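Engineer: Go by the hints and put chain B onto chain A.
Number of protein chains: 2
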Amino acid sequence: MRVTFRTIEWTGDALLLLDQRILPGRETVRRYATARGVADAIRTMVVRGAPAIGVAAAFGLVLAVRSAVRGGRPWREAFRTAAEMLGATRPTAVNLFWAIERMRRGASMLSDDPRESLRALEREAVAVYEEDLAANRAMGAHGAKLLPRSGSVLTHCNAGALATAGYGTALGVIRAAVAAGKRIHVYVDETRPFLQGARLTAWELSKDKIPCTLITDNMAAKLFGDGKIHAAIVGADRIARNGDVANKIGTYGVAVLCRVHKVPFYVAAPRSTIDLGVRSVKEIPIEERNGREVTHFMGRRVAPDGIRVYNPAFDVTPARYVSAIVTEKGVLFPPFSRDIRALFR
Amino acid sequence: MRVTFRTIEWTGDALLLLDQRILPGRETVRRYATARGVADAIRTMVVRGAPAIGVAAAFGLVLAVRSAVRGGRPWREAFRTAAEMLGATRPTAVNLFWAIERMRRGASMLSDDPRESLRALEREAVAVYEEDLAANRAMGAHGAKLLPRSGSVLTHCNAGALATAGYGTALGVIRAAVAAGKRIHVYVDETRPFLQGARLTAWELSKDKIPCTLITDNMAAKLFGDGKIHAAIVGADRIARNGDVANKIGTYGVAVLCRVHKVPFYVAAPRSTIDLGVRSVKEIPIEERNGREVTHFMGRRVAPDGIRVYNPAFDVTPARYVSAIVTEKGVLFPPFSRDIRALFR
Numbered sequence: 001m002r003v004t005f006r007t008i009e010w011t012g013d014a015l016l017l018l019d020q021r022i023l024p025g026r027e028t029v030r031r032y033a034t035a036r037g038v039a040d041a042i043r044t045m046v047v048r049g050a051p052a053i054g055v056a057a058a059f060g061l062v063l064a065v066r067s068a069v070r071g072g073r074p075w076r077e078a079f080r081t082a083a084e085m086l087g088a089t090r091p092t093a094v095n096l097f098w099a100i101e102r103m104r105r106g107a108s109m110l111s112d113d114p115r116e117s118l119r120a121l122e123r124e125a126v127a128v129y130e131e132d133l134a135a136n137r138a139m140g141a142h143g144a145k146l147l148p149r150s151g152s153v154l155t156h157c158n159a160g161a162l163a164t165a166g167y168g169t170a171l172g173v174i175r176a177a178v179a180a181g182k183r184i185h186v187y188v189d190e191t192r193p194f195l196q197g198a199r200l201t202a203w204e205l206s207k208d209k210i211p212c213t214l215i216t217d218n219m220a221a222k223l224f225g226d227g228k229i230h231a232a233i234v235g236a237d238r239i240a241r242n243g244d245v246a247n248k249i250g251t252y253g254v255a256v257l258c259r260v261h262k263v264p265f266y267v268a269a270p271r272s273t274i275d276l277g278v279r280s281v282k283e284i285p286i287e288e289r290n291g292r293e294v295t296h297f298m299g300r301r302v303a304p305d306g307i308r309v310y311n312p313a314f315d316v317t318p319a320r321y322v323s324a325i326v327t328e329k330g331v332l333f334p335p336f337s338r339d340i341r342a343l344f345r
Numbered sequence: 001m002r003v004t005f006r007t008i009e010w011t012g013d014a015l016l017l018l019d020q021r022i023l024p025g026r027e028t029v030r031r032y033a034t035a036r037g038v039a040d041a042i043r044t045m046v047v048r049g050a051p052a053i054g055v056a057a058a059f060g061l062v063l064a065v066r067s068a069v070r071g072g073r074p075w076r077e078a079f080r081t082a083a084e085m086l087g088a089t090r091p092t093a094v095n096l097f098w099a100i101e102r103m104r105r106g107a108s109m110l111s112d113d114p115r116e117s118l119r120a121l122e123r124e125a126v127a128v129y130e131e132d133l134a135a136n137r138a139m140g141a142h143g144a145k146l147l148p149r150s151g152s153v154l155t156h157c158n159a160g161a162l163a164t165a166g167y168g169t170a171l172g173v174i175r176a177a178v179a180a181g182k183r184i185h186v187y188v189d190e191t192r193p194f195l196q197g198a199r200l201t202a203w204e205l206s207k208d209k210i211p212c213t214l215i216t217d218n219m220a221a222k223l224f225g226d227g228k229i230h231a232a233i234v235g236a237d238r239i240a241r242n243g244d245v246a247n248k249i250g251t252y253g254v255a256v257l258c259r260v261h262k263v264p265f266y267v268a269a270p271r272s273t274i275d276l277g278v279r280s281v282k283e284i285p286i287e288e289r290n291g292r293e294v295t296h297f298m299g300r301r302v303a304p305d306g307i308r309v310y311n312p313a314f315d316v317t318p319a320r321y322v323s324a325i326v327t328e329k330g331v332l333f334p335p336f337s338r339d340i341r342a343l344f345r
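Line by line, the protein sequences give chains A and B.
The first sequence runs 1 to 345 under the numbering used here.
The second sequence runs 1 to 345 under the numbering used here.
Keep in mind the hints are simulated off the structure, nothing from the lab.
Just so you know, these numbers come straight off a predicted model, no measurement behind them.
Accuracy of the hints is not assured; some may be wrong.
Identical chains blur together in the list; that is why a pair holds if it fits in one copy or across any two.
[Unchecked claim] Here are the simulated DSS-like cross-link-like pairs (lysine-lysine), alpha carbons at most 30 angstroms apart as the crow flies:
#1 Lys262 <-> Lys228
#2 Lys282 <-> Lys207
#3 Lys182 <-> Lys262
#4 Lys329 <-> Lys262
#5 Lys209 <-> Lys282
#6 Lys228 <-> Lys282
#7 Lys145 <-> Lys329
So that you can see chain A by itself, here it is in the shape it has in the complex (with noise of 0.2 angstroms):
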């Protein structure tokens, strides 16, 4: 199945990024020269998703070693300061960090041969953006099998070629079972309060006339228990080593309801998602974003004024909660803490 729009682009001297607080209203892209620039685009979610927050980042740092190298400074610092201020745009999604110590253990390989060391930095760069698209692949060639051959499917947030190099990791096993003759039926959280059911999820369905219908989150409760759910599958900004599975805010209540209807829930995300060094989710930074993301709507204000905002951007789901974690390897089942292992080995 093919995707009919890039989320991000190399062109061998900038980044191009698809702007995701605009979309779906506009298709804009936007070009970065500088990592600085990059390290903006991620914090104000112009691009976003774990996957594709960590493609970025390797290209920031591309774009900071570029612009040293051409101005005659010392790349290694140059790649250090870049390197701190991308790992500082968000702190939840692991894939950013997986990125950034990939590039940086590359970089600690390098002569001091600035051009040679630019040339293999952006080989790297590139490279982790090619294995995620092909990560994706995978995991939709393996999480189609879960999916029913004909079936409701409920989605939350978005998990798809917009917060990957491409293809998705969540709708990329949608998009792999619907291309294997699947009947499936997508509901979208609108995923409240950035929107990116409504905005992102629903787009990219729509543009690979996936059919699928748009619903606010507390609306999945009555789906579920008028049995109209048959799966539910999200994507995963950081899994543990037990398995429990950090997610967008809204993510939790997803699996609680499948617990609760007996409906599997799934999460596909690639190997880069999982962080062997946190044992529980409860190790796992959390990030809160600004209230005002809850309290006004494109600019306008919805609530009182004053009013107190809690606004977490992920929740964490517990292992026994996940019917199985599809990666690029294959799937995983509980308990997860043996199949990660066994997946590391």
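Structural biologist: Frame of chain A, contents of chain B only:
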């Protein structure tokens, strides 16, 4: 605890309604002098909330009869036409039909003297209004005991002074608990798509200086998971004789979260919300509203053009998820069938 605004006011020749579509941005009171105007106000949600639309409908009938009497037309026919029009505005909340039926019973006992009948019907509508106020106060007194001495209470939608003649059902219980010295902090679900929580409940509680925090609906699950919610309380649009509860979309999800996290789930509603005519909520019509409520925000499109939307305005919570139902006559406990039978004996 004093409420500092009026949702509904009867002037003797017109009905004044605080326009709830544009709160909290603007506090505009609209004047309705015809039954048709009141029907439009109910349909477009100038006034909403099960008890409030019942009260508004009662006065709508008075306005219809008033206009007929003034014009020298037969008042019984005007009453019948208006009752039909008002009854067709919104299908789920039973209080609407209860109020119309009560007025109809009152009308059937009247003489044909037009002015005398008008006065009697006006007295009846005022009684509906005043009894609702009194019922809310009584619910507050009964329900306050259920809430923790100190803790956080989640509420969904608006079951406050704005949803009733005044004081509120669920928020009435919270008001009474606060008045009794309990230290209650309220988490307010924003309640998509109409944002009754963000726009109305947050406004109402702020006005009354009751500590509250606004969240999007999908954040409630995280708060439950983190052990931050000690009770949930909501209103109801119709309660079946087995205790099943129809209420604002999203209520069922809250009830499921309460069950899974072992937190009590309370419903506060006057006896007029209980429909002995239905055995379970399967028999209750669930209103579906225009998809534009989901795809647009203050007139601006947020979802892609042509996207399919499902927009049920209510959902159903099976009685087994309800810890207690607070009525003006006292608190009902499971099994509700028995307590409900006793309530109407």
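Engineer: Hint by hint, say whether it matches the structure.
Structural biologist: Structure-based check of each hint:
| no. | hint | verdict |
| --- | --- | --- |
| 1 | Lys262 <-> Lys228 | both (12 angstroms within a copy, 26 angstroms between copies) |
| 2 | Lys282 <-> Lys207 | neither (38 angstroms within a copy, 37 angstroms between copies) |
| 3 | Lys182 <-> Lys262 | within (21 angstroms within a copy, 39 angstroms between copies) |
| 4 | Lys329 <-> Lys262 | within (27 angstroms within a copy, 38 angstroms between copies) |
| 5 | Lys209 <-> Lys282 | neither (39 angstroms within a copy, 34 angstroms between copies) |
| 6 | Lys228 <-> Lys282 | between (33 angstroms within a copy, 15 angstroms between copies) |
| 7 | Lys145 <-> Lys329 | within (14 angstroms within a copy, 55 angstroms between copies) |
In this structure, the hints that do not hold are numbers 2 and 5, in rising order.
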